[in-house]
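Required output: the full structure, derived from the provided sequences and hints.
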Amino acid sequence: MSSNRVTNFLVPVFAVLLGMLAGSIVMLVSGYDPIAGYSALVYGAFGDSYYIGETIRQATPYILAGLAVAFAFRTGLFNIGVEGQLIVGWLASVWVGVSFDLPKIIHLPLAILAAAAAGALWAFIPGFLKARFKVHEVIITIMMNYIALHVSNAVIRSVLSDKGFKSAKVHASASLQSEFLQSITDYSTLHYGIIVALIGAVVMWFLLEKTTKGYELRAVGFNQHASQYAGMNVPRNIILAMVISGAFAGVAGAMEGLGTFGNISVKAGFTGVGFDGIAVALLGSNNAFGIILSAFLFGALKVGALEMPSSADVPTELVDIVIALIIFFVASSYLIRLLLSRFQKEGK
Amino acid sequence: MEYVIEMLNIRKVFGNFVANDNITLQVKKGEIHALLGENGAGKSTLMNVLFGLYQPDGGEIRVNGQPVKIANPNVANDLGIGMVHQHFMLVDTFTVTENIILGSEPTKGGTIDIKRAEEQVRELSERYGLAVDPTAKISDISVGMQQRVEILKTLYRGAEILIFDEPTAVLTPQEIQELIQIMRALVREGKSIILITHKLKEIMEVCDRVTVIRRGKGIGTLNVSETNPNELASLMVGREVHFKTEKQPAQPGKEVLEIRDLVVKDARGVTVVDHLNLTVRAGEIVGIAGVDGNGQTELVEAITGLIKAESGSIKLNGNDIFNLSPRKIMEAGVGHIPQDRHKHGLVLDFPIGENMVLQTYYKEPYSKRGILNFKAIYEKARQLIAEFDVRTPDEYTQARALSGGNQQKAIIGREVDRNPDLLIAAQPTRGLDVGAIEFIHKRLIEQRDQGKAVLLVSFELDEVMNVSDRIAVIYEGKIVAIVDPKETTEQELGLLMAGSKRKEAGVSS
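Note that the protein sequences, when read in sequence, are chains A and B. Numbering follows our numbering, with no gaps: position 338 of the first sequence is 338. Numbering follows our numbering, with no gaps: position 299 of the second sequence is 299.
Please keep in mind that the hints were generated in silico from the structure rather than gathered at the bench. Check the hints yourself; a few may be wrong.
For lysine-lysine, the following DSSO-like pairs were computed, each having C-alpha atoms within a straight-line distance of at most 30 Å [as the list claims (entries may be wrong)]: (1) A:Lys210 / B:Lys328; (2) B:Lys328 / A:Lys134; (3) A:Lys134 / B:Lys343; (4) B:Lys486 / B:Lys315; (5) A:Lys210 / B:Lys368; (6) B:Lys363 / A:Lys210; (7) A:Lys213 / B:Lys380.
This is the structure in structure tokens:
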């Protein structure tokens, strides 16, 4: 049991180290100094309070996107549509944020709930099609991503602005931005969203592990036949699992809309946060606490990488490759598990 | 070089659990050697050690007298050890030949030489009398044929020693006879066979010697010609075993289950239950006897609401339960021990404790205001585990990790504990050892004696004749006869089960 737990902890650590090793080889071959590169990466992620603030801010949507993917995984579904659900959540939160004037205690929760509802609705469609017609959710969610991207762009142009590129800023009463958090982190973009994300992790854990509904969702995820035999409504649970997953994704969008950016702009392409959420969830073993840790790793890599071109002269493209290598090794943790078990056997 | 396989003082420990405690197994060349033991006695562990899936913590393995270290199944293959698994490892969409060569494909100029492979498979098949069509698709052939493909797979890889893991558990009576012929042909050709089983009848019929293990310990090796089923059973279980289940005559009461003109179609639209009528009264056990595939599965699934019936009526205690949802039917008072415990009976990835409340999880005290009460759940689990003798390290162990017999005991405990008026037991003892079978039969009779109606579906004639108070013979979706077990014979039942004219060997249309 305990050796299992040690392995579970060692695997991600080894994955990151191996990724860094491969990254250094790439840097060496291209004629750059890997030590300087990685020092810049670490400095850029944790070097002073500003960077720490940025890392936490970046981890915020990652946590929620990871929770969305993991929730679906745990209930037997593969939600590739977190990206799209995140975009419609972002749009909905900004929409509510700019359209109403309400006391903060109502406005802010309302905007976040609107985001959750939008993400949930976006995920309801693939959930319904799967439950009712057995259409595979992966296909529908991928398509729904494109619909989300272009519909939100159209709404931004025609409704939220006068044929402009971005919406107005959300009202202060709907904003997650915090002068206090900014001031203690040397004016980073850190906002209260991290609290929402951490609450989200607790909610997911509680919902799945402690509630009657969570029991049902997990049962359906593991074995639909036994769930049907036990009298559970399998189609309804599939839809519900998808809707809850989508709600997490929608709230991830609200973090960007109400916190980091305070508005929404026309996008040329996907944000990538939803897709990274898949890796975050996998690295975090689909476990709420693990996802918080892995989201911080992804946040640190993303933010720290910005420092590499300026401090270590590593070109941005190479930085992307190095980061991708680290993520690659993390994602292929199966390989590392295999290697570790070999080592353990040899040691005996 | 007397022995082909020698496993000397093999010891295997999982955590605190000693699965194999210095077991010795010696197999002679050209013999069929039975490995007999209850579920969870350590048979599979021992064979997995021999097949290289587990590494022993102590002891020595010798093949043809040479000490060997079997690090993985490939080494076992190279040593000529082949395993015919209980759960077949076949790719459904591949042909027989494609499955057999999988992993060691003969190639010609970079592509698979399928012609040559088919020829080899055909040759092997003919030599051992397997009658397998090398070009047939796995999904199109019967379970018995699939098992032969598994046998061919090991022969194709040059196996000299074949391990059969409970091979008859999935077979019909005719297929079992055919398998016995095949095993005899194999030893005639110089192969050696280790037969893992707990069916005493089979051991008496085909084996030369038998090694008995009980709770991880080797009890001894006997010559089959010098022993008898009673001795073997008590060696295996560690106490006297009664083959005939003791029971008082039934005292049937009011009608609990009434089925009239039930019609059920399968997914392809073929009528599989055809205007079936059946009544089960309180305080009696009605056994459904029939060859697999005559509508038993669909009948049970229609009663329990797992599939929708076309027409007819099903009444429980006079209330209509026709085509209600599974939960409504369950709450009306139906308990169901499903035929396939892995598919329907358990969520294998859940702890065994959570499986104990699979149908009642949403009720008090297991759930209060939408929150699970794990204390109450695991308390119930501990109670059922103790009461039904489910052998598991603890109630938090994954259901998957339990042996088949213990999984089944857990399901039966759960269903009986819900106190249903009608208990449907579909193949309740499939793949179980005599000890567990005796236990389960006792429980079914106990339910009857408490005034419950019990519907037993089984492909084992012994079981139907032993436990039932009335036997309903099903053939092509109809109940063709109702007989009294005291006044019938296996021959009569066999004829009824085969219909009047049709008698095709093990192939269902």
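Output the indices of the hints that this structure fails to meet, ascending. none
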